[in-house]
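Let the hints inform the model, and build the full structure from the sequences given.
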Amino acid sequence: MTKKYETEAPGYTMTTVMEEAARCLLCHDAPCSKACPADTDPARFIRSVRFNNVKGAAETIRENNALGAICARVCPTEKYCELACSRTGIDCPIDIGGIQRYVTDFEQAAKMDILKQGKSNGKHIAIVGSGPAGLQVATTMLTKGYAVDIYEKNEKAGGYLTYGIPEYRLPNDIVEYEIKRIINLGANIHYNTTVGDDIMMDDLKANNDAVVVAVGASESKVLPMFANNENVETAVGFLARVKEAKGNITDLPENAVVIGGGDVAMDVATTLRRLDVKNVTDMAYEEFDEFKASKKELKGTREAGVTIVDGYVPTAVNGNEVTFKHRHIDSEMTIKSNKIILAVGQRVNAANLNITIDKHEEVPYAGYGTADPKVFVTGDIAQGDKTVVWAVRKGKEVAEQIDKMIMDKDKEADLVGGNE
Amino acid sequence: MIKKDLSVDFLGVHFENPFLLSSSPVGNCYEMCAKAFDEGWAGVAFKTIGPKHFKVDEVSPRFDELTKEGTPFVGFKNMEQIAEHPLEQNLHDLKKLKENYPTKIIIASIMGTNEQDWEELAQLVTEAKADMIEMNLSCPQMTSHDMGSDVGTNPELVKKYCAAVRRGSDLPILAKMTPNITDMVPAAKASMDGGADGIATINTVKSIANLDIDRKTALPTVDGKGSVSGFSGKAVKPIALRFIQQLREAAGMEQLPISGIGGIETWQDAAEFLLLGATTLQVTTSVMQYGYRIVEDMKNGLMHYMEEQGIDHLSEIIGAANKSIVPVDSLNRDYKVYPKIDWDKCIGCGRCYISCFDGAHQAIQWNEEARRPTVDIDKCVGCHLCNLVCPVGAISTGEVVMKPGREGNPEDIKIESPRLTHF
Ligand SMILES: Cc1cc2nc3c(=O)[nH]c(=O)nc-3n(C[C@H](O)[C@H](O)[C@H](O)COP(=O)(O)OP(=O)(O)OC[C@H]3O[C@@H](n4cnc5c(N)ncnc54)[C@H](O)[C@@H]3O)c2cc1C
Ligand SMILES: Cc1cc2nc3c(=O)[nH]c(=O)nc-3n(C[C@H](O)[C@H](O)[C@H](O)COP(=O)(O)O)c2cc1C
Ligand code: SF4
Ligand code: SF4
Ligand code: SF4
Numbered sequence: 001m002t003k004k005y006e007t008e009a010p011g012y013t014m015t016t017v018m019e020e021a022a023r024c025l026l027c028h029d030a031p032c033s034k035a036c037p038a039d040t041d042p043a044r045f046i047r048s049v050r051f052n053n054v055k056g057a058a059e060t061i062r063e064n065n066a067l068g069a070i071c072a073r074v075c076p077t078e079k080y081c082e083l084a085c086s087r088t089g090i091d092c093p094i095d096i097g098g099i100q101r102y103v104t105d106f107e108q109a110a111k112m113d114i115l116k117q118g119k120s121n122g123k124h125i126a127i128v129g130s131g132p133a134g135l136q137v138a139t140t141m142l143t144k145g146y147a148v149d150i151y152e153k154n155e156k157a158g159g160y161l162t163y164g165i166p167e168y169r170l171p172n173d174i175v176e177y178e179i180k181r182i183i184n185l186g187a188n189i190h191y192n193t194t195v196g197d198d199i200m201m202d203d204l205k206a207n208n209d210a211v212v213v214a215v216g217a218s219e220s221k222v223l224p225m226f227a228n229n230e231n232v233e234t235a236v237g238f239l240a241r242v243k244e245a246k247g248n249i250t251d252l253p254e255n256a257v258v259i260g261g262g263d264v265a266m267d268v269a270t271t272l273r274r275l276d277v278k279n280v281t282d283m284a285y286e287e288f289d290e291f292k293a294s295k296k297e298l299k300g301t302r303e304a305g306v307t308i309v310d311g312y313v314p315t316a317v318n319g320n321e322v323t324f325k326h327r328h329i330d331s332e333m334t335i336k337s338n339k340i341i342l343a344v345g346q347r348v349n350a351a352n353l354n355i356t357i358d359k360h361e362e363v364p365y366a367g368y369g370t371a372d373p374k375v376f377v378t379g380d381i382a383q384g385d386k387t388v389v390w391a392v393r394k395g396k397e398v399a400e401q402i403d404k405m406i407m408d409k410d411k412e413a414d415l416v417g418g419n420e
Numbered sequence: 421m422i423k424k425d426l427s428v429d430f431l432g433v434h435f436e437n438p439f440l441l442s443s444s445p446v447g448n449c450y451e452m453c454a455k456a457f458d459e460g461w462a463g464v465a466f467k468t469i470g471p472k473h474f475k476v477d478e479v480s481p482r483f484d485e486l487t488k489e490g491t492p493f494v495g496f497k498n499m500e501q502i503a504e505h506p507l508e509q510n511l512h513d514l515k516k517l518k519e520n521y522p523t524k525i526i527i528a529s530i531m532g533t534n535e536q537d538w539e540e541l542a543q544l545v546t547e548a549k550a551d552m553i554e555m556n557l558s559c560p561q562m563t564s565h566d567m568g569s570d571v572g573t574n575p576e577l578v579k580k581y582c583a584a585v586r587r588g589s590d591l592p593i594l595a596k597m598t599p600n601i602t603d604m605v606p607a608a609k610a611s612m613d614g615g616a617d618g619i620a621t622i623n624t625v626k627s628i629a630n631l632d633i634d635r636k637t638a639l640p641t642v643d644g645k646g647s648v649s650g651f652s653g654k655a656v657k658p659i660a661l662r663f664i665q666q667l668r669e670a671a672g673m674e675q676l677p678i679s680g681i682g683g684i685e686t687w688q689d690a691a692e693f694l695l696l697g698a699t700t701l702q703v704t705t706s707v708m709q710y711g712y713r714i715v716e717d718m719k720n721g722l723m724h725y726m727e728e729q730g731i732d733h734l735s736e737i738i739g740a741a742n743k744s745i746v747p748v749d750s751l752n753r754d755y756k757v758y759p760k761i762d763w764d765k766c767i768g769c770g771r772c773y774i775s776c777f778d779g780a781h782q783a784i785q786w787n788e789e790a791r792r793p794t795v796d797i798d799k800c801v802g803c804h805l806c807n808l809v810c811p812v813g814a815i816s817t818g819e820v821v822m823k824p825g826r827e828g829n830p831e832d833i834k835i836e837s838p839r840l841t842h843f
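Taken in sequence, the protein lines are chains X and E. Heads up: the first sequence begins at 1 in my numbering, then just goes up one per residue. Heads up: the second sequence begins at 421 in my numbering, then just goes up one per residue.
Worth double-checking, as some hints may not be accurate.
Claimed, not checked - Residues on chain E that point at chain X, a partial pick, calculated with CB under 10 Å:
(1) D689
(2) M708
(3) G711
(4) I714
To be verified - Straight-line C-alpha distance at most 30 Å; calculated DSS-like pairs for lysine-lysine:
(5) X:K144 x E:K423
(6) X:K180 x E:K424
(7) E:K765 x X:K3
(8) E:K834 x X:K111
Note that these hints are calculated values from the structure, not bench results. All C-beta atoms, glycine included, are put in the ideal place defined by N, C-alpha and C.
This is the structure we're talking about:
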């Protein structure tokens, strides 16, 4: 019953990965590597595969990206590395994500332990939130010798990796394996601990050399007309429920309506189809020529048999009956369904964290600092793309910035001490 | 990133790793070698330096490639001779390289037309502070018959010229051998008798890779004509490995110091040359195709291999395969191993069926309905052609059986290692 939900598309074999790597032109000053937000260096790891050095390829990925096996599966590569690929001048880009997946699967099969904890430098940092951004900060800091405590509101770590992205795109085993490695590296995760409620920012500041807030946008937005409607569920609420139950959800009707035109809406609609809901209609605000979801996701959603109607906004709700109007033409339609899922965006909950979040659900300035010199932000709440690979990039960058700050402070202290 | 000591000692010289540029355009001048050293090569056999009186005059174009289906550079044909740069400049570059890269190893490749040339060149490169001399006795396309492979196939000349170089220098001497010979042992022995300390091999194999079928001549076409000339790259690796094994098999040459050359491109190629007894490894064609950067994966991959093998020094595996490569008449012929077909992996292409019928023993039965092969063990001789042609690795080595009337326990038979089939 849940097999369609749980089964990931097959990956490359030893032979087919080499065929794909053989298509790579091994470019000089490779554009793909420059286009990877996290500097995972695809040109370098593809070259290693090409020269039969899969272990070396795994080292390149892992040293640059703590979540390499996850990015391999969920990166919107059409916007990043593959968009830049020179091979496009001949036919189509190299399947960089696919090769990355092969290499990280190999890494797991060969039980490679690439990253090592740095020698302790006696410094401590606290991270609020264990999504991809928090996990990357933890990894970078641990390799540099910091002690790392992560505070996580939920019962499990991973943020949207665990509670959002569906199983057929990102198997939970992979997420658990990536997190396990980071725990083995020395991360101390405090589960079921909401910062600002169970423990306060001031406590974290008092006990750490720096605090990184990586809380993401973990709540769904709800359009006011849908409030308190028993037929309505939020996208991230639904996806989390399905992922936790491994697809064993029994309360689904014969037809469902999804509202939204982004990747989250596509995930919800496809998940519903994979759970055998017969008629799934996705009503999108954007028209197809301005669509937000990636081409890959849109294609998958269509292949799953979802009806996608573009350019419509909901204008009235009456119990299980929703009326939509087209944004430009004179057209109206009404759909009845006992399952209406809202995928109209996520919002940040920064209660008691002393962080300013603007209407774009991020801090109102570039960079990772805050008014408090000891407190930093990263991940989705920092400016930049809201994707996993950007969370990795932001995690690496903020970690470097904090390390520099702490090391500089130490040097200054040494100098002052020396002058006395 | 893994860290392992890749250093080797060869003819009394310490190399930080076994990887060297072989004498060719890839080590033609100071800037090239400097860049290669910066990217991790341990040394260079500098482009062959000839005597002043020999004028190098090259053709254009001068290369050709053998391809197979979509794969370029399966083999590479060239018509180059020796260094085009003037002698003084080459000597100057050697000296500057050693000055600026004291830990890298500079091997001066030289070639003369007579004893006097050889002796003088040996003196000059020794004065230029080279670490080692390599005698090019093997270029197959010299415009003079007093040079190159015409010399290398004549043991008497080889011995005489090695002795001349020995007179001119006290540096370690490598004699670079040609594969254009049935048995390399006499020439190698002659060079050692003459005073060489080790062997570098192979140089290029005489070849015609392709024809221009309209102009009706060999490629590359030079004003409507072509020539037989040297072939290198992946396609010559089997030939190189064979010569190296046969040198190390010869009586009294079991410990022969060898610098292995021919088609090296990956760490696996490197491991193969080491296992057959090469201590240093030289590379040209794959660098011409891909650049100096290939050394990164060769070094890193070799370190991972050392880790898997549980060794700390490459010296522990150099020559480790020599003893288990035996004459064909001493192989165990008492058993056969059947192919095992994994129907879950099989995609029903039928290639195994075609190859077994047309190229082997008609032992694969083809189920037309199911589009699946089965092995008829009465007909199967265990040749494993099917295993090689299957595009998805669905065929592997299966049950081992003793031939009728032969002694032995099938469980004691060592079939191929899982490395070749895993993941
Ligand atoms: C359904 C869905 C599909 C997606 N698909 C993709 C995709 O295919 N590719 C892609 O690149 N991106 C995708 N994204 C976006 C991606 O998941 C995010 O950009 C990424 O997870 C952001 O990482 P983060 O660490 O900033 O935040 P999050 O992943 O949101 O993690 C934040 C963590 O902080 C915890 N937290 C929050 N508040 C507190 C608190 N006060 N105290 C303690 N802990 C707290 C949360 O419980 C959570 O674990 C998707 C998002 C969703 C929702
Ligand atoms: C273009 C070219 C030029 C070469 N020039 C020389 C040379 O000057 N001296 C020499 O000893 N060998 C020369 N060689 C032979 C190489 O050093 C090497 O022995 C041979 O190419 C096999 O190695 P490979 O397969 O790695 O290329 C040349 C080879 C090529 C392809
Ligand atoms: S991390 Fe993502 S963007 Fe970067 S190379 Fe890998 S698949 Fe491409
Ligand atoms: S840009 Fe494309 S072709 Fe070039 S190195 Fe990267 S993956 Fe290969
Ligand atoms: S060659 Fe391989 S895939 Fe093709 S039919 Fe034979 S076993 Fe099946």
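These are the hints, each one checked on the structure:
| no. | hint | verdict |
| --- | --- | --- |
| 1 | D689 | holds (9 Å) |
| 2 | M708 | violated (13 Å) |
| 3 | G711 | holds (8 Å) |
| 4 | I714 | holds (6 Å) |
| 5 | X:K144 x E:K423 | holds (18 Å) |
| 6 | X:K180 x E:K424 | holds (27 Å) |
| 7 | E:K765 x X:K3 | holds (20 Å) |
| 8 | E:K834 x X:K111 | holds (26 Å) |
Checked against the numbered hints above, the structure violates only hint 2.
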